[in-house]
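Kindly generate the complete structure, drawing on both the sequences and the hints.
Respectively, the protein sequence lines represent chains A and B. Everything in the first sequence is counted per the UniProt record's numbering, starting at 1 for the first residue and increasing by one. Everything in the second sequence is counted per the UniProt record's numbering, starting at 1 for the first residue and increasing by one.
Rather than coming from a laboratory, the hints here were simulated on the basis of the structure. Hints may contain errors.
Since copy identity is lost for identical chains, a pair holds within one copy or between any two.
Straight-line C-alpha distance at most 30 angstroms; calculated DSBU-like pairs for lysine-lysine [what the hints assert, rightly or not]:
hint: 1; residue 1: K75; residue 2: K28
hint: 2; residue 1: K20; residue 2: K91
hint: 3; residue 1: K91; residue 2: K64
hint: 4; residue 1: K64; residue 2: K20
hint: 5; residue 1: K28; residue 2: K57
2 protein chains.
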Amino acid sequence: MKQGNRHDLPAEPDYILISKALEVVSGKWRLYLILQLGEETRRYSQLAEMLPSISEKVLAGELKALVVLGVIDRKVYAEIPPRVEYTLTSKGRLALPILRLLQEIGRIFN
Amino acid sequence: MKQGNRHDLPAEPDYILISKALEVVSGKWRLYLILQLGEETRRYSQLAEMLPSISEKVLAGELKALVVLGVIDRKVYAEIPPRVEYTLTSKGRLALPILRLLQEIGRIFN
DNA sequence: CCGTATCCGAAATGATACTG
DNA sequence: CAGTATCATTTCGGATACGG
Numbered sequence: 001m002k003q004g005n006r007h008d009l010p011a012e013p014d015y016i017l018i019s020k021a022l023e024v025v026s027g028k029w030r031l032y033l034i035l036q037l038g039e040e041t042r043r044y045s046q047l048a049e050m051l052p053s054i055s056e057k058v059l060a061g062e063l064k065a066l067v068v069l070g071v072i073d074r075k076v077y078a079e080i081p082p083r084v085e086y087t088l089t090s091k092g093r094l095a096l097p098i099l100r101l102l103q104e105i106g107r108i109f110n
Numbered sequence: 001m002k003q004g005n006r007h008d009l010p011a012e013p014d015y016i017l018i019s020k021a022l023e024v025v026s027g028k029w030r031l032y033l034i035l036q037l038g039e040e041t042r043r044y045s046q047l048a049e050m051l052p053s054i055s056e057k058v059l060a061g062e063l064k065a066l067v068v069l070g071v072i073d074r075k076v077y078a079e080i081p082p083r084v085e086y087t088l089t090s091k092g093r094l095a096l097p098i099l100r101l102l103q104e105i106g107r108i109f110n
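Here it is as structure tokens:
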């Protein structure tokens with residue numbers, strides 16, 4: 001009979017976790033958006049300038065998705081004209097170093 | 001006037017690198033495929049079993065894309081019946097630890 | 001055994017005009 | 001300023017049948 005099955009599974013990849021990770025980075029702009037934001041706080045218009053060729057619909061949609069995922073926070077100021085600021089959440093800051101490492105992958109295969 | 005502009009750019013994310021990195025991981029199955037393969041050598045049919053719900057067209061397409069990217073090697077044996085084996089390239093093995101880290105991102109946002 | 005060819009529907013992306 | 005609404009276009013994933 002089997003005894004002591006520590007290490008029985010050779011760290012089999014978990015599709016659920018991978019899908020969730022891909023939600024965070026996937027899309028043409030999502031990862032780039034997170035990396036551009038970094039530890040800073042940025043207004044909507046600043047982000048729009050940083051990603052020159054993204055359409056408004058897509059930018060707004062990606063930001064909304066990242067808020068829902070818990071990657072970024074959205075703070076609205078009741079001013080005129082309106083001001084909306086985006087910042088990484090604590091989870092987002094936790095993930096940031098790993099996401100920065102992903103750029104190394106790009107370097108490897110370039 | 002400005003002097004000594006080392007570090008003028010605060011490590012601005014490079015869209016080219018990021019795109020390349022996303023090519024490696026993106027798609028519903030690509031990252032999962034790499035992680036399942038790991039350091040092993042696997043036949044086409046073995047990979048097909050590991051990803052039960054992937055269609056043949058997509059599996060063949062993803063494998064071909066990963067070969068072109070330089071992530072995996074494809075080795076054909078002139079036997080009957082034919083045998084085709086896939087293995088990570090040296091670049092692929094270099095990238096593997098980072099790709100495994102990506103699963104942690106999934107854990108963070110679960 | 002290891003794919004390719006074809007077709008289809010769904011999803012992602014984008015251009016543009018408009019609004020609180 | 002910070003988005004939403006609408007429509008057009010492109011890309012993706014999947015089912016299935018067939019080929020070397």
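For each hint, the structure was consulted:
| no. | hint | verdict |
| --- | --- | --- |
| 1 | K75 - K28 | within (24 angstroms within a copy, 32 angstroms between copies) |
| 2 | K20 - K91 | both (14 angstroms within a copy, 25 angstroms between copies) |
| 3 | K91 - K64 | within (16 angstroms within a copy, 35 angstroms between copies) |
| 4 | K64 - K20 | both (16 angstroms within a copy, 25 angstroms between copies) |
| 5 | K28 - K57 | both (13 angstroms within a copy, 23 angstroms between copies) |
Comparing the model with each numbered hint stated earlier shows that all of them hold.
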